[in-house]
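Under this note's numbering, the first residue of the sequence shown is numbered 454, with each subsequent residue one higher.
Keep in mind the hints are simulated off the structure, nothing from the lab.
The model shown is predicted, which means the values in this text are computed figures rather than measured ones.
Backbone N, C-alpha and C fix where the C-beta goes; we use that ideal spot for every residue, glycine too.
Certain hints may be false.
[Stated by the list, open to error] Derived Cβ-Cβ restraints for the label pairs, each shown as a range:
#: 1; residue 1: K599; residue 2: L548; range: 26 to 34 Å
#: 2; residue 1: K599; residue 2: D569; range: 20 to 28 Å
#: 3; residue 1: P520; residue 2: A545; range: 44 to 52 Å
#: 4; residue 1: D596; residue 2: L530; range: 15 to 23 Å
#: 5; residue 1: D551; residue 2: E593; range: 33 to 41 Å
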Amino acid sequence: MTFHPFAAIRSTISRPRWVMSALAAALLGHSGPALAAPVQMPGTQELALKSQQGAQYRIWISEPSGPVPYTGGYRVLYVLDGNAFFGTFHDAKRLQDDFADTLIVAVGYPTDKPHDFDRRAYDLTPPAPGAKPAQGGQDELLDSWKRP
454 MTFHPFAAIR
464 STISRPRWVM
474 SALAAALLGH
484 SGPALAAPVQ
494 MPGTQELALK
504 SQQGAQYRIW
514 ISEPSGPVPY
524 TGGYRVLYVL
534 DGNAFFGTFH
544 DAKRLQDDFA
554 DTLIVAVGYP
564 TDKPHDFDRR
574 AYDLTPPAPG
584 AKPAQGGQDE
594 LLDSWKRP
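Please model the complete structure; the sequences and the hints are all you need to start from.
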């Protein structure tokens with residue numbers, strides 16, 4: 454009989470899920486659901502922001518590295534849909550020396566989903582009476598960012 458490297462995988466996949474769960478629990482040394490801690494990326498910060506109207510936002514910051522540029526300040530890249538894209542922008546910046554002096558500021562929402570379509574539809578559009586989902590909050594969002 455010859456050994457086939459994928460035979461063990463096929464037989465494992467075909468087993469009932471409870472067997473796989475028990476095996477995983479035994480290997481990990483515990484039973485019950487795993488509790489995940491938030492992932493922390495080096496060189497980043499996360500802040501909570503509340504608009505004047507009470508809307509909640511999540512702000513992610515990718516800190517620049519190295520000395521302050523001769524211009525006296527860092528370049529800033531603003532990213533919308535921060536829930537979906539912040540990690541990608543942060544990692545891309547870390548891989549490219551030309552962007553080490555760039556500060557990335559990403560704006561998102563207090564959710565674990567990549568997009569909050571209803572909030573996004575409101576925050577990033579001009580007024581459109583009667584539109585579903587509600588639209589027209591672009592000025593409120595910009596005013597919140599400009600306040601001292």
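Outcome of the hint check:
{"no.": "1", "hint": "K599 with L548: 26 to 34 Å", "result": "holds, 33 Å"}
{"no.": "2", "hint": "K599 with D569: 20 to 28 Å", "result": "holds, 22 Å"}
{"no.": "3", "hint": "P520 with A545: 44 to 52 Å", "result": "violated, 21 Å"}
{"no.": "4", "hint": "D596 with L530: 15 to 23 Å", "result": "holds, 22 Å"}
{"no.": "5", "hint": "D551 with E593: 33 to 41 Å", "result": "holds, 35 Å"}
Violation of the numbered hints given earlier is confined to hint 3; every other hint is satisfied by the structure.
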